[in-house]
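Protein chains in written order, with the UniProt record's numbering: chain G, 1 to 154; chain P, 1 to 226.
In short, the hints are calculated from the structure, not lab data. A hint or two may mislead.
Quick partial rundown of chain P residues pointing at chain G, CB under 10 Å, derived from the structure [claimed, not checked]:
no. : residue
1   : T41
2   : L43
3   : T69
4   : A80
5   : N114
6   : R116
7   : K118
8   : F119
9   : K122
10  : L126
11  : I153
12  : K158
13  : G171
14  : C178
15  : K180
16  : D188
By construction, the Cβ of each residue, glycine as well, lies at the ideal position given by its N, Cα and C atoms.
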Amino acid sequence: MLKRFAFAVALLAATAAMAENQLGGLRPDTPLAEESEAPQIPAVVNSDVRQVRNYPDQPPIIPHKIDNYQIDLNVNKCLSCHSRTAVEASQAPMISVTHFMDRDGQTLGTVSPRRYFCTQCHVVQHDAEPPVANGFLDVDSVLDHIIGAGEEGQ
Amino acid sequence: MFRLLKRVWHILVHPAAHLSLGFLTVGGFVMGVIFWGGFNTALEVTNTEAFCTSCHEMRDNVYEELKPTIHYTNRSGVRATCPDCHVPHQWTHKIARKMQASKEVWGKIFGTINTREKFLDKRLELAQHEWARLEANDSLECRNCHSMESMDITRQSKRAAEAHERFLFTGEKTCINCHKGIAHQLPDMHGQAMFGPTSDAPEQMSENVEASGSAEVKAYLKTVTE
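Can you build the whole structure from these sequences, using the hints too?
What follows is the structure, given as structure tokens:
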């Protein structure tokens with residue numbers, strides 16, 4: 001009985017917390033019968049400045065617009081600058097050698113089919129405010145913290 | 001038949017007996033205006049997007065592909081229509097291009113690309129014709145709107161500014177060399193140069209040995225496999 005009561009209290013608290021949630025999905029404060037105003041589409045960051053990776057194996061963000069880039073059986077627009085042979089003319093970073101490996105780690109002579117569709121992993125960055133605060137900590141700050149704690153302990 | 005021709009010739013070489021010189025002069029002038037005006041009007045009608053897309057070959061393939069691109073939809077609403085890029089604006093060159101286009105009428109009549117499959121099979125050849133044409137006239141149709149003098153590279157992204165400074169302003173390359181597929185989807189580009197003259201050795205897909213078809217490569221592969 002006590003258990004059931006505790007569960008009811010917890011459920012109530014959770015509902016109250018949800019009601020306070022300002023995000024509210026796609027229709028924040030709009031009544032059901034009204035149509036909410038569509039948010040503005042954020043612009044793509046087109047600075048051509050390479051961004052820091054948040055963790056070592058993060059696929060790098062594309063620092064430029066890729067509107068209408070054709071990536072299909074016929075042609076890969078990204079590779080027209082980022083392929084091994086194109087970087088001299090384009091001065092773009094070459095795709096890494098991991099893109100030449102198949103899933104068994106065997107290095108192929110050309111881009112591995114599973115790495116061909118760039119936008120499966122690489123995306124552009126939009127100039128948008130994150131709707132939820134992010135508590136992610138960079139590995140360096142974690143390491144600093146651990147080292148700092150160790151020093152304090154001594 | 002011969003007698004008829006002889007009569008016509010007789011009329012042509014003798015002065016008119018019943019019509020006044022004034023009538024012939026003014027009449028000739030008026031008829032000239034009507035014929036010339038009619039010819040030019042008809043020519044201009046064929047030079048519109050509505051005319052191009054009146055055929056399903058253009059409407060369902062290339063026109064559909066144009067629609068999501070910057071040359072059809074953009075923030076300021078200025079757009080290019082088919083003839084802006086595919087027909088020279090200057091009269092002499094326009095007439096030359098229009099005469100070439102009689103081949104396209106032939107293609108329409110005999111259904112050269114009247115299905116999606118036929119169009120896709122033919123697309124590389126058609127694209128190569130346009131690349132070659134734009135290379136030969138130094139991307140004239142691009143430059144009708146995009147003038148090099150008015151291009152402020154400080155307002156471009158770093159990447160675009162560097163590329164234009166390096167290749168466009170030095171005259172090393174012309175617009176179409178790098179901007180293939182700007183308004184339509186590209187055909188199979190294996191063995192085709194994405195940058196530089198179309199006649200050059202393939203740059204992008206040169207990893208594909210079969211497609212590059214170089215004699216040395218073939219000879220080398222033969223010695224390796226033997």
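Hint check, failures only
1, 2, 4, 5, 6, 7, 8, 9, 10, 11 and 13
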